[in-house]
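Colleague: Input sequences plus hints: build the corresponding full structure.
In case you want the letters, here they are:
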Amino acid sequence: AQSVTQLDSHVSVSEGTPVLLRCNYSSSYSPSLFWYVQHPNKGLQLLLKYTSAATLVKGINGFEAEFKKSETSFHLTKPSAHMSDAAEYFCVVSNYGGSQGNLIFGKGTKLSVKP
Amino acid sequence: KAGVTQTPRYLIKTRGQQVTLSCSPISGHRSVSWYQQTPGQGLQFLFEYFSETQRNKGNFPGRFSGRQFSNSRSEMNVSTLELGDSALYLCASSLVGTQTYEQYFGPGTRLTVT
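Chains as they are written, first to last, in our numbering: chain V, 1 to 115; chain U, 1 to 114.
Just so you know, the hints here were simulated from the structure itself, not pulled from any lab data.
Source: prediction; values computed, not measured.
Some clues are possibly wrong.
Below, a list of computed lysine-lysine pairs in the DSBU-like style, where the Cα atoms sit at most 30 Å apart [stated by the list, open to error]:
(1) V/LYS58 to U/LYS1
(2) U/LYS13 to V/LYS49
(3) U/LYS1 to V/LYS42
Cβ-to-Cβ under 10 Å is the rule here; a few derived chain V residues that face chain U [unchecked claim]:
(4) ASN24
(5) PHE34
(6) VAL92
Idealized CB from N, CA, C, for every residue including glycine.
Modeller: What follows is the structure, given as structure tokens:
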């Protein structure tokens, strides 16, 4: 069965400092993994995706994530936070044809950025 | 390419009424999925349509239904609205046949039931 756990419900950083949002997954097959971002009162935007090619995936707005099979992790990082990064971030695992839909979403991590 | 569009963006209904939400996918995308997002339950999968057929369904009561038209546009309907149906309803489209099935989301319809 597929599942995803976001280890922090809320992360607060100062502008200009690194961002780390943690995600662990469980999958019965080689998964596809995604990070989505949701700004207040907006839909979800795809940040990046892992599809069994390179384990280090680069996304939009300077974000990247590293797939670590041995640790079943897919943490999202950014070297320097910007005020505009304040949003909610969702780690997502593929679940093709599963009863919960093709994608299973984590509970989300709310990122706050202090000036 | 235009993104996923959803109408209306905001809706206020009274308990017991019914509502229809509309979603237009990205051009060329034939799969449309619907989600309900609430603060308490997070993102929950409602159903997926592909080629006018419901291909997958989440764990929601029969009051929630949907359909897809030949141009891939989709509607979802909620009958006999309850207060707990207040939520952000998100539609997402995907290009079936790719390896990853990544989904592209619309801005959502905010439904408030009073």
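Colleague: Holds or violated: V/LYS58 with U/LYS1, Cα cutoff 30 Å?
Modeller: The given pair, whose Cα atoms are some 23 Å apart, holds under the 30 Å limit.
Colleague: Decide if the proposed pair is consistent with the structure: U/LYS13 and V/LYS49, CA atoms, cutoff 30 Å inclusive.
Modeller: violated (37 Å)
Colleague: Quick check on V/PHE34 please, does its C-beta sit within 10 Å of some C-beta on chain U?
Modeller: holds (6 Å)
Colleague: Quick check on V/VAL92 please, does its C-beta sit within 10 Å of some C-beta on chain U?
Modeller: With a closest approach of 9 Å, the V/VAL92 hint holds.
Colleague: Is the hinted pair U/LYS1 and V/LYS42 satisfied, with a Cα-Cα distance of at most 30 Å?
Modeller: Distance ~19 Å between U/LYS1 and V/LYS42 Cα, so the pair holds.
Colleague: Under 10 Å, Cβ to Cβ, is where V/ASN24 needs to be relative to chain U, so tell me if that hint holds or is violated.
Modeller: Not OK, violated: V/ASN24 not within 10 Å of chain U, min 17 Å.
Consistency note: the structure conflicts with the earlier hints numbered 2 and 4.
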